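First residue of the sequence shown: 1, per UniProt numbering; consecutive thereafter.
Just so you know, the hints here were simulated from the structure itself, not pulled from any lab data.
Note that the structure is a prediction, hence the values are computed from the model and not measured.
All C-beta atoms, glycine included, are put in the ideal place defined by N, C-alpha and C.
A couple of the hints might just be wrong.
To be verified - Each computed DSBU-like pair below joins lysine-lysine, with the alpha-carbon atoms no more than 35 Å apart:
{"#": "1", "residue 1": "Lys146", "residue 2": "Lys328"}
{"#": "2", "residue 1": "Lys66", "residue 2": "Lys146"}
{"#": "3", "residue 1": "Lys172", "residue 2": "Lys328"}
{"#": "4", "residue 1": "Lys316", "residue 2": "Lys330"}
{"#": "5", "residue 1": "Lys345", "residue 2": "Lys330"}
To be verified - Pairwise CB distance ranges, derived in the manner of DEER restraints:
{"#": "6", "residue 1": "Trp62", "residue 2": "Asp209", "range": "51 to 59 Å"}
{"#": "7", "residue 1": "Ser234", "residue 2": "Ala54", "range": "31 to 39 Å"}
{"#": "8", "residue 1": "Asn351", "residue 2": "Thr326", "range": "43 to 51 Å"}
{"#": "9", "residue 1": "His319", "residue 2": "Val235", "range": "24 to 32 Å"}
{"#": "10", "residue 1": "Lys316", "residue 2": "Val235", "range": "28 to 36 Å"}
{"#": "11", "residue 1": "Leu257", "residue 2": "Thr83", "range": "53 to 61 Å"}
{"#": "12", "residue 1": "Leu264", "residue 2": "Pro196", "range": "28 to 36 Å"}
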Amino acid sequence: MVEASRSAGKAKLMAHPSEIPTLKLQRRAHLIWEPDQPRNILLVKKQGSEDASAKLWEISQWLLSKGYNVMVEESVHQLEFPTLMPYHPRDNGGCEQVDLCVSLGGDGTVLHMASLFGCDDPLPPAVSFAMGTLGFLTPFDAEDFKATLSRVLAAGVSNPVFCTLRTRKTCKVYSPQGELRSVHHVLNECLIDRGPVPAMIKLECFVDDEHVTTVQADGLIIATPSGSTAYSLSVGGAVVAPSVPCSLLTPVAPHSLSFRPLVLPESSDIVIHLPEDSSRCAWASFDGRCSMELAPGSSIQCFTSECPMPVVNLGKLDHDWYEGITQKLKWNDPIIGRRNSNPPKLPLLRNS
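Produce the entire structure from the sequences given, and follow the hints as far as they go.
Shown next, in the form of structure tokens:
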């Protein structure tokens, strides 16, 4: 194994043997703890879920009994668990305060957890327990948390844990005057669309400083490999394994039938510009959050963040991803032999 160039807290990520050591951005890794085990563990739960709250309390008590420091979000601390330590992100995004993250919910909870670290510094590894609806990013069973966390917390050179280093995108929003308005880090995608206006928008697309095309569509998605199974998938984008170093450019309801989704190198710098002569504003959102209006002349620059999000895997390599697309997304699920013994009945409609 080759030591990765970055680590977060006490977590050290070692490049998996399948990775080329000279690659700057590696996507597979082994997790070990050096020089000793982690101390600070952040628990993030699905909002409004009583089951997730109960499980968070159960896990927190188990971790506290083992001598770990347990943190929760400020809102969870105030409203539900005042005896647990509140998590306060600092100017560095909070990365150095946390050694390990644990999410209890669905894919939305994982995205929310990633949004808590507003920095491009090394992120702590994350363990995601399924307590949501789909759970494509949550491979672990919450009922088995003791065995799972015991294995993760004991990770070492002799017993490493597999991780996928999931790509994040840094998205910079610029005003029509070229001034930086805000910076966002996304795990899934940046969406630029028409918002509440029932008309197409026109967007100028630049890749590595070259004008590639002018888009006329309801919107445009710049997605990571993780985001390839989210909104991008629903509008016909490619499905990409999380260890593939790439970016996706996917149109939403394009005016041209020939506008097919693109898969670009992850090193590409993408700029989307709303022309100054546009007759309407556009809207942008980041992992479904932070929705903001874009005035004509605004631009969004998207590039690959230097530090990915380390996500602990249930299996090795991309096993969890293949399991997810076949078992949860029903990829290539055979139609022959599928029977519905109780088909839905047409509702009774009465004319007044």
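Hints, verified against the model:
As the CA atoms of Lys146 and Lys328 are separated by approximately 24 Å, the hinted pair is consistent with the 35 Å bound. Between Lys66 and Lys146 the alpha-carbon distance is near 11 Å, which keeps this suggested pair within the 35 Å criterion. Distance restraint check for Lys172 and Lys328: the Cα-Cα separation of roughly 33 Å lies within the 35 Å cut-off, and the hinted pair is therefore satisfied. At most 35 Å may separate the alpha-carbon atoms for a hinted pair to count; Lys316 and Lys330 meet this at roughly 21 Å.
As the CA atoms of Lys345 and Lys330 are separated by approximately 25 Å, the hinted pair is consistent with the 35 Å bound. Under the hint 51 to 59 Å, the C-beta atoms of Trp62 and Asp209, about 52 Å apart, fit the expected range. At roughly 32 Å, the beta-carbon separation of Ser234 and Ala54 lies within the given 31 to 39 Å, and the hint holds. Between Asn351 and Thr326 the beta carbon distance is about 46 Å. The supplied range of 43 to 51 Å therefore holds.
Range check, His319 to Val235: about 27 Å between beta-carbon atoms, so the 24 to 32 Å window is met. In this structure the supplied range 28 to 36 Å holds for Lys316 paired with Val235, their Cβ-Cβ distance being about 32 Å. Between Leu257 and Thr83 the beta carbons are some 59 Å apart, a value that agrees with the proposed interval 53 to 61 Å. A C-beta distance of roughly 30 Å is found between Leu264 and Pro196, which places it inside the suggested range of 28 to 36 Å.
Violated hints are absent here; each numbered hint is respected by the structure.
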